[in-house]
Structure formats: structure tokens, C-alpha cells
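Number of protein chains: 2
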Amino acid sequence: MARHPADIDAWLDETREERLADYLEFLRIPSISTLPAHAADCRRAAGFLADHLRQAGLEHVEVAETEGHPVVYADWLHAEGRPTVLVYGHYDVQPADPLDLWEKPPFDPRVEGGRVYARGAADDKSNVHAHLQAARGWLADGGTLPINLKYVFEGEEESGSEHLDHWLSANRERLAADLAVVSDTGFFDGNVPAITVGLRGIMYAQLNVSGPTVDLHSGGYGGTVRNPATVLCEIVAGLHDAEGRVNVPGFYDDVRPLSVRDREEFARLPFDEDAYRASTGVDALWGESGFTTLERRGGRPTLEVNGIWGGFQGEGAKTIIPAHAHAKVSCRLVRDQDPERIFALVRDRILQLAPAGVRVEVTYIHGGLPSLTPIDHPATQAAARSLREVFGGDPVYIREGGSVPVTASFESILGLPVVLLGFTPPDDRAHAPNESMRLDNYEQGTRTIVRYWQALAETPLE
Amino acid sequence: MARHPADIDAWLDETREERLADYLEFLRIPSISTLPAHAADCRRAAGFLADHLRQAGLEHVEVAETEGHPVVYADWLHAEGRPTVLVYGHYDVQPADPLDLWEKPPFDPRVEGGRVYARGAADDKSNVHAHLQAARGWLADGGTLPINLKYVFEGEEESGSEHLDHWLSANRERLAADLAVVSDTGFFDGNVPAITVGLRGIMYAQLNVSGPTVDLHSGGYGGTVRNPATVLCEIVAGLHDAEGRVNVPGFYDDVRPLSVRDREEFARLPFDEDAYRASTGVDALWGESGFTTLERRGGRPTLEVNGIWGGFQGEGAKTIIPAHAHAKVSCRLVRDQDPERIFALVRDRILQLAPAGVRVEVTYIHGGLPSLTPIDHPATQAAARSLREVFGGDPVYIREGGSVPVTASFESILGLPVVLLGFTPPDDRAHAPNESMRLDNYEQGTRTIVRYWQALAETPLE
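So the protein sequences, as listed, match chains Y and A.
Every position in the first sequence, counted from 1, becomes a number in this note's numbering once 870 is added.
Every position in the second sequence, counted from 1, becomes a number in this note's numbering once 870 is added.
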């Protein structure tokens, strides 16, 4: 029975409460992929998805084992002659610490002021759940989908998607498609509907500085041995110059300079720099000199310290020279930087900065390639039409600062064009305390997906 | 009945076995002051001392309550016209862990190869017990002491002497004296008799750098806001110059330059620099250029990072810009640096290094004055003569890197000159497993104290 998006809208209106309750149930599962203690919760979230995919009417549902958390696969392949789209999202979430900054427990979701508050409410359970409901809507009451769909829901996005590439390679034939739709992004400032056409890549590393065998008394040894915490700071300080540029020889060698067109696109975006600044709570923005804030975020590579630790961190005083000190250091990469090459350059620079008297080690944690999708690709334009129908007004095309390494994997391993379509609001506090999702974005996002499948059914992708 | 040190020597020879048995009994009490479970043992050790002081013939013996473990007080004040000396030691000991590294149980002392092995055998029960026996020797058989003595034995030295200053202030009149003899130090490398004539002071502070209100996603904000962890590192890196000097304007203004004599004294010390280095596990020593290791440790001020923290410290990856980052920073001070003035200078330098886009705050945690007893003070020279008579050969004068805050308390609260005279060998493993005391040092130390009281009776202290 062929149905139309308007039919699905009616079904979505009728099921609104039940769908919200189900979304909250999904959010109650603390599927934190980086913490081994939550491995069973990740598996529970995978099971939740598999059950719901099956109930929605999808086929070949599988909780596929990897060496890490499982991948959930499902498909529906009965739209003969129509395109096949691979949908990607992730069911894992970031850790919730610092817990004391959450106004309510992160895994006890609450609805307030048109928003759902919980860890994962936005990133990425909102998008995953919207996909589930869009498929369910099409297939409800004996309906069919207008295109062929394959779903890949991952459980390790927040921990570096370590095992996904291997699984994609091993399942290359089963995953054959015409297009990948990656739903792990969101809207632009002011909650303006957006299609992400660029993502930064990432290189994540750890810096370890070791000195004495054990913590030393800072009285008996202060001033006579190198202090690993001080050395760590000196090394970190040596990784930027006074202009905010990354001070690593070769770091910018492979960066495509921003073209005049690129800079025009950035300048066209309805960006309220002061609101962006105010949302962070800082009194002044900062960055590489010679670039605007949007260019710095979407078009330029960076190096950030994600964490530092070493020695005494308690109340009061302890007079030691720490035996070791550590930093998590990551780079956001742009086309055509390669994570492994950047790791080697950063490592070499760090080792060059390391003085005698300490041992310095740099380890690679994970990496992901940057990615760029053309604005004029027919699948990008079909997504734009669907957003316009639901939200009214043209979407903007953005180059995001974040990284969804899987995007590059779909491009390189499966050879697919990738459209990045997600619905989270820009003020969602993803990765931070009090993460939230706008319910409107969730509902309208679901309706956009419904239309997008219809639009793709009518769009030649070649 | 006036007696002479030689008479006491004979008494010490006769009582050697009995005194050793008593010393071992003292060591069997696990008076670990930092562990609440051992509070009763601390009280038992205090009671042991009070009983023994009374039996030795001392007067006004008191187990004085504080808000922590008690202070044991006793005196003997019948040497009219002679100086009054306040003796300090402590009856508490360090925790014994890691227990599995002890060859025998830490509180079941054994004698082997001329040493006593037990927790506290050296630090500080050896010195305390030697003082007890010296007084007992003088007062045995109806004898008298050649000077007036007041004993203060503390039970919280290993847990920070938290309540001692208050007790000293409250008992200022009762503690009036001409000199304090602090017995909590030991001999120099090679077991060379030593008098400690300098201790460094301390200034302990915390540096807080705050940026965004909450941790930000390093994708969406990387490269556009100042990273508090990076700023913290840049500030810390700005606190030293390339020559290892503290890069804080005014920091060295009040430092007395090392005189030719000072440097000769440091150079005379039989110091095995390579053994010192090897004991730390580092492959090279480091420090302020233009100074030797001993000068850096005992004669120059330092600035050390005792701890750093901020952002993500777990396994794997979390892609955030930390909302804040922190460091514990402390300075070891030399004469005539003042902790509060140094704090103000360090704070001003840090605020000068703070860029826009973050808030930087520096808080004072605690401070202690440096102390330096002149080598040519008559009480120092009397101690040197006593050591020479017993051990043969000249003692060395050492300036230690550490701080014994009680020393500064005796100077500042009671207005006393302080002589630091203790007898533990440099290889005593104080604070570590298999702590031991050389019996020779203990016996000869007792004889040195006997002579020191006689020498002070003959020395004008003004």
C-alpha cells in the first residue's frame, strides 16, 4: 500500500505521547561506551534498538558482535528499482561526569520547557530514535518504504569507533548502497536547519611525562630534579605560537587553504558571534590570527588539551614532586590532513621539546579523517528540499568543527557519498552536563526523514 | 652531687642491655599519628614517655591534651644561674605501608648487624629515647643536671604538627628558655656527624584557571575559545626561565647571596651526587644554573608544581575543552624571603601571564619561614664540641632542602634560637620499609647529649 508523507504525519500526531515515552526509555540506558563498567548497558541499548527495529517491521535485524560494543544492523529491501540508503547513528553516549553539575540525574530524563534533559538526549539518541520512528511510520498499518534502507547503529562513536571500520570492511557487500545518511549532526545557531557539508577529522593522543621512580619530597629534591608536571606544562606551552597557530613543524603542510568561495560561504552564515561567545561564558573569543571564528571552527585545524593530571589534587597541601604527569591532546583536522601523519608530527615536536631528566612518551589513541560533501550533490539537494518542506525556509550549509570519523569511513571503505543530516539544536550541551534536546527538533526531524525517503525515491542519484 | 660526663658514660656502659630492651619496648608501640585506628597507640606512646620521664627524675610531667594527639611535657629546673634548654622530639611514626616490603613486621623490632630495624627506630624514637637516657644518666644515683631542661615531645609531627603551634602559644610562659634543641635530624652521607644549620621555608598556593561555564565540545569550540588547561600550562611554563631560575620579578630580591664561606661549606660536604641521582631514578639532575646540587637544595629558593589537574583524566578519549584547570604551586624559601611577600609576587606574575578569555585566581594555602642558625652561634659551637668529643673529627654543617615547621615555630612563637641536633644515619630509610637505626649512633648520640648539657653549662648564650 503506497502511502504519502502526509499519511505518516497523521500517524506521528496520533503516536506522539507513546513515542516520547519510548524515547525517554531509550535515554534511561546509561550506554557510556568509554567506561568498561557500562559494557552491559551498551549491550542493553543495542538490544533495545534491535527489538524496536524488528517491531517496526525491519528485517535481518542483528546485534553484530565486534571486539568492542556491538553494531546493530537491520534492513528493508523491497523497493525495487529505487535507491538504497545506508543510515548511520550511534547508541552510545559520553560519560556524564562531572555529575555534581547536573541539575537532575543524567539518566533519569525529564521534559521541561519543550526540551528533554538527559545524557544522550541530543547526541545521538535523538537522531537514532527519530530514524526508528520514521521507518515505523512508513511501515505502520501494512505500509511500505519508498526506498531501500539499511541501518547501521554503532556503539563506539564516543570512544573512537575503534571496531567499526573493521566491521564495515568485513560487511562491504551486505552494506552496498547508493548513499549514506549519517545522522549525528545538528542545526546552526538560532536553531536554523542545516546540512553539514564538512566535518573536521581528529587525532587523539596521550602525553606521558615520567621523572623520579616515586613521588619525591619537594624539600629534599625541589630544585634538583626536573619536575614532570612542569615539563608537561612547558611542552604543552610549546605547541602553540603567540598567534594561536599550532607550533608543530609540518602541521599545516597538507591543509587546503580556504578559497575566496569558502570564505564567502562562511561569511553568509547567520552567525551571532556575541551570542556564541556568551553561550560559553567566556569574556573574549580567541583563535588563530587571520581567520574569523567560523573559519577557525570549520575550516582550520586545531590542537587542544582535553585533560591534564599529575601529582596532588586534593584539598590543602602535599609537598611532592610528582613522579609523572599526563595530558590528553587532540587535533581537529581539515582536508587533506591525515591523522596518522599528524600524530607523527605532534609526537616528534613533543619529543623535540622534551628535556633531559624525564622520559616523555606519546601514544596514539584514535584518529579519523576529515570529510567534505558537495553542496550541489542531488542527495544534498533532496535533503535541503525535505528540510524546507517541514521547517519552511532554506537550510544553511555548514562546515562543522566536530568530527564524525565514520563519515570518512563510509566514503573510503564503502565508496559512498555521504549526506550529514541531523536535528539537534546548537545549544544542546552535548558532552557537557545538562545535555538537552528540543522536542520540536525531534518531532520535525522525524517528519523531515519521512519526506527525505520520499524525495530520494524521486531523485536520480547518479 | 655534681657529676661529670665520664661518670655518666660509666653508668651508660653498665645499663646498655637494659636501655636497649627499653628502646625496643618503645618501638613496639605502633604510634602512627595519621591513622585514626592508632589513636590509642599514640596515647600509649605518650604514656610510655611520661612514665619514663617521671622515673628518670623529671618533674611537672604532663600528658597535655590538644585537639589531636597529646603533647608530653616535663622539666627539671634546679640549675640556678644556668641556661634553660627546651628539647623537642616526636613520639609518633609514619604509617608502615607497603607492609609486604618489610622483611620483618615493622612493630616487632629486631637487632641485626649493629642496627635496630623497626618503624620509628630512627625517626624519631631513637633521638627521643637518647634524650630520655641522657637525662636519666645525669639524674641517676641522686645526681643533678648541669642545666635547666624542658621537654616537649609531640605526637603529630608525621601528620603536620597541626595542633602544636596553638599549644606552644598557649604555654608561652611555661616554655620560656634560652635555646631550643630540636632533635629530628641526622647525620650526613657516609654517617658523618652533622649539625643542620639551615632549613628552607615554604609558600604553598593554588592556581585556578576558569574558562567556559561548562566543559565544551572540542569539535564545536576547538580553536575559538581559550583552553584553560593550555593557559594553565602556559602560565606554569612562564614561571621558570631557560636557566632554571624562577621567572617571577622580585623573587630573588630578599635572598641572601651565598657567600664564599657558604659555598665552601657546601663543597666540603662528602656528597655522592651520583648516588643521590640514582636514588631518585632519574637519568640526569637539573636545577638553577650556576649552582651545585647541594646549593640548589639547601641554599637556593625554588618553585615547584606539586600537582595539576583539569578536564578528562580517564582511559581513552573525551573530546572536551575543560571548563577549568588547576595547579598546586609551592616555593621553598631561604633567608630572608617572607612567604606572604613571595605569595604576592608569584600571584602578580601569574596574573600578568593571564590572557583574555579566561579568569585566573591564585589562593594562599600556607606558609612557613625559612630558618638559619649561624654556625658561629655559641650553642652551635657547643654542640660541635660535644660531637667532636664523642665521635672524633669535626662535624659538618648542613643546610637541608626541607622544612621542619616546628623550627620556625620555636623561633617565631617562643623567640628562641634553635639548634638542630639529631643522630640518625643517612641510610635509615625513614618513611620507607625496613627503617633502621645504627646502635652506635644511638649510643654515641646519648653520650653527645650528655656532653652537650655540660658544654652549655659552661657557655654564655648571650
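None of these hints come from the bench; they were simulated from the model.
Any given hint could be a false lead.
Said to hold, decoys possible - Listed next, with one range per pair, are the computed distances between beta-carbon atoms:
| # | chain 1 | residue 1 | chain 2 | residue 2 | range |
| --- | --- | --- | --- | --- | --- |
| 1 | Y | H1036 | A | A1145 | 46 to 56 Å |
| 2 | A | E1143 | Y | D1208 | 44 to 54 Å |
| 3 | Y | G1184 | A | R1044 | 49 to 59 Å |
| 4 | Y | P968 | A | E895 | 44 to 54 Å |
| 5 | Y | P1244 | A | A1226 | 37 to 47 Å |
| 6 | Y | A1040 | A | R1299 | 54 to 64 Å |
| 7 | A | A1046 | Y | P968 | 51 to 61 Å |
| 8 | A | R914 | Y | E973 | 49 to 59 Å |
| 9 | Y | D970 | A | D1208 | 49 to 59 Å |
| 10 | Y | D1208 | A | L969 | 16 to 26 Å |
Said to hold, decoys possible - Here are some chain A residues the structure puts well away from chain Y; computed CB gaps all over 10 Å:
| # | residue |
| --- | --- |
| 11 | G1157 |
| 12 | R1166 |
| 13 | R1170 |
Even for Gly, the Cβ is constructed at its ideal location relative to N, Cα and C.
Hint by hint, here is what the structure shows:
1. H1036/Y with A1145/A: 46 to 56 Å: 52 Å, holds
2. E1143/A with D1208/Y: 44 to 54 Å: 47 Å, holds
3. G1184/Y with R1044/A: 49 to 59 Å: 36 Å, violated
4. P968/Y with E895/A: 44 to 54 Å: Since the Cβ atoms of P968/Y and E895/A sit about 51 Å apart, the hinted range of 44 to 54 Å holds.
5. P1244/Y with A1226/A: 37 to 47 Å: 39 Å, holds
6. A1040/Y with R1299/A: 54 to 64 Å: 57 Å, holds
7. A1046/A with P968/Y: 51 to 61 Å: With Cβ atoms ~53 Å apart, the hint holds.
8. R914/A with E973/Y: 49 to 59 Å: 51 Å, holds
9. D970/Y with D1208/A: 49 to 59 Å: 38 Å, violated
10. D1208/Y with L969/A: 16 to 26 Å: 51 Å, violated
11. G1157: The claim is violated: G1157/A sits with its nearest Cβ about 5 Å from chain Y, within 10 Å.
12. R1166: Nearest chain Y Cβ is 4 Å from R1166/A, so the label is violated.
13. R1170: 6 Å, violated
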